Amino acid sequence: MGIIQKSQLKSPWVLHYDCSSCNGCDIEILASLTPVYDIERFGIINTGNPKHADVLLVTGGVNRRNARVLKNLYNQMPEPKVVVAVGSCACTGGVFYNCYNILGGVDKVIPVDVYVPGCAARPEAIIDGVVLGLQKLKEKTQMKSEEVAK
Amino acid sequence: MAKIVTPFGPQHPVLPEPLQLNITYEDEKVVSVAPAIGYIHRGLEKAGELNDFPQNVFLVERVCGICSFMHGMTYCEAIEDIMGVEIPPRAKYLRVFYSELSRIHSHLLWLGLLADAFGFESLFMKYWAIRERIVDLMEMTGGHRIILSASCIGGVRRDLTDEQISIIEKTLLEVKNELDHVTPVILKDYTVKKRTVGIGVLSKEEALTLGAVGPVLRASGVAQDLRQTGYEAYGELGFEPIVETDGDSYARAVVRAREVYQAIELALEALHHLPEGEAQVKVKGNPNGETIQRVEQPRGEVLWYVKGNGTKNLVRMRVRTPTYAHIPALLKMLPGCEMADVPVVTLSIDPCISCTER
Amino acid sequence: MSFEAKQITPEQLINETQQMFNEGYRFVTATCVDEIEQFRIIYSFDRETELVNLEVAIGKEEQLPSVSGVYLCAFLVENEIKELFGVNISDIAVDLGGRLYMIEGADPHPMTRKEKKKAAKGVKKNG
Ligand code: SF4
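Protein chains in written order, with our numbering: chain A, 1143 to 1292; chain B, 82 to 439; chain C, 144 to 270.
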């Protein structure tokens, strides 16, 4: 593993996108950046730019209009990348399962690596989810370097 | 000078939520704005017709995670109004307490986000650290950090014990002390003033004709607050709306910064006068009839329309949220301001997109 | 809070709203209710926390004039009603052509109620 891959695991940058959440989970994501939970302990930094991001945090279920935006964001992120679905909505559609404009969970549109349940998911759970995602990121990096070696 | 159109959003670092504004600039000045919404539209009003009406309480709490309690409460009030249920006095005071707790939480959150919008990150962190104290209170009383699910049809599900009350009183006073250190920064700091004074001005007449509500209306010099109508126990608690006259982003920040103090006062007052007795009455039957219910949320007036036909399912449920009323005002405020001020002006209405689109 | 509405016809709508505007009322919102045979639209206005409602009933195919010429801020809610219910509202100041929420590939007017569904409910209740 090269220095870039190593540092990616030590300091992953996250991108947050709100699909059709109720705000609850978004606040919790922001709260995990603030002093009490302080996600920066793990070197995790919130970025606004998909091209700099390693981890995509998605809240809320996918609706007809933002499915395209979500796909775009996902495609813009460089490989390897991890997607963390935060909250019941993002996992399955949650309370909004029977709304006419909700297609379902995030996995209807892009592949999801980690599911964080909860309505709203607690900051501890979100941090746990991201850290779990990092293991996946490591596997993906190894897979990629093996491919390159071949 | 050629005109350029740039999209602001849907994914933007300043707004946690996807609002898209297609802004036309001339040089660095905003010329016109076209909103494109629908990124969060879920169809919640229809789902309200498919679920049973008691189940809807949990659904409507998720119209918006920040005002969760207020939506739940207003919906319950509407159903109680149709069914002619009179809730016990203790429940009324508890509802006031929970409402004010939500207001403190929402305003602190917003003040932090405003600071973040112009890059004052330490202030953002400070406000959010204080906010965690309130969130802890919400968890202790309502059982959840964000979705404060305390209301139910017929009263309040979560009664307070004496021990809880003393903890709450102590914490609220501590929060007030901590705020005393931070609020002067918002009110007096040079950087804050530089970025907000005279930016995004909305005059009194414009505010009224464009249908602005809540803190935006009050910052433009209209003393209007639905709590004046004395719903729940507000009539007995005494209350004066907070008004500023300048109508700019600064005035809106000041109104909210002062309302936090007022909300702490009101919450303590409500706990102080908390009557003894039950907090909940049993409700039987199904709603038959229609009603309109309005309540003052942290962001302004919310309107709920509920119609039932005597079955478990409602015929129609509609909510008009404060941000919905603020979008025309926002479209008026933006033209003429600089590119760098767009995030600040947009935030100054306290946008909550998930309410707006439901 | 009781709920009273003044019944008016679609022709009176613009005049009545203009009068509200002149008296200094603030436009709160319009609420559309699908009553299967017809639409009921309730316009709410506020002056110093006092709520006044106007109610219009129109047939499903009839045309309704827009009040956004009087209260500009009504354009948002009228676009919403047009899209979600398919009410035929003419001359909206900022007409988004029924594409406010841009629900593509779904039922074009998702908020309308269908007779069939109501009958099905009735059957369930009896059985
Ligand atoms: S999981 Fe719950 S709290 Fe989170 S966005 Fe969905 S409804 Fe809101």
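To be clear, the hints were calculated from the coordinates, so they are not data collected in a lab.
No experiment lies behind these values; they were computed from the predicted model shown.
Note that the Cβ used here is the ideal one computed from N, Cα and C, for glycine as well.
Misleading hints may appear alongside valid ones.
[Stated by the list, open to error] Quick list of the computed label-pair ranges, beta carbon to beta carbon: (1) E191/C with P1177/A: 40 to 46 Å; (2) G224/B with L1151/A: 33 to 39 Å; (3) E191/C with D261/B: 31 to 37 Å; (4) T326/B with Q1147/A: 55 to 61 Å.
Q. Which numbered hints turn out to be false for this structure?
A. none
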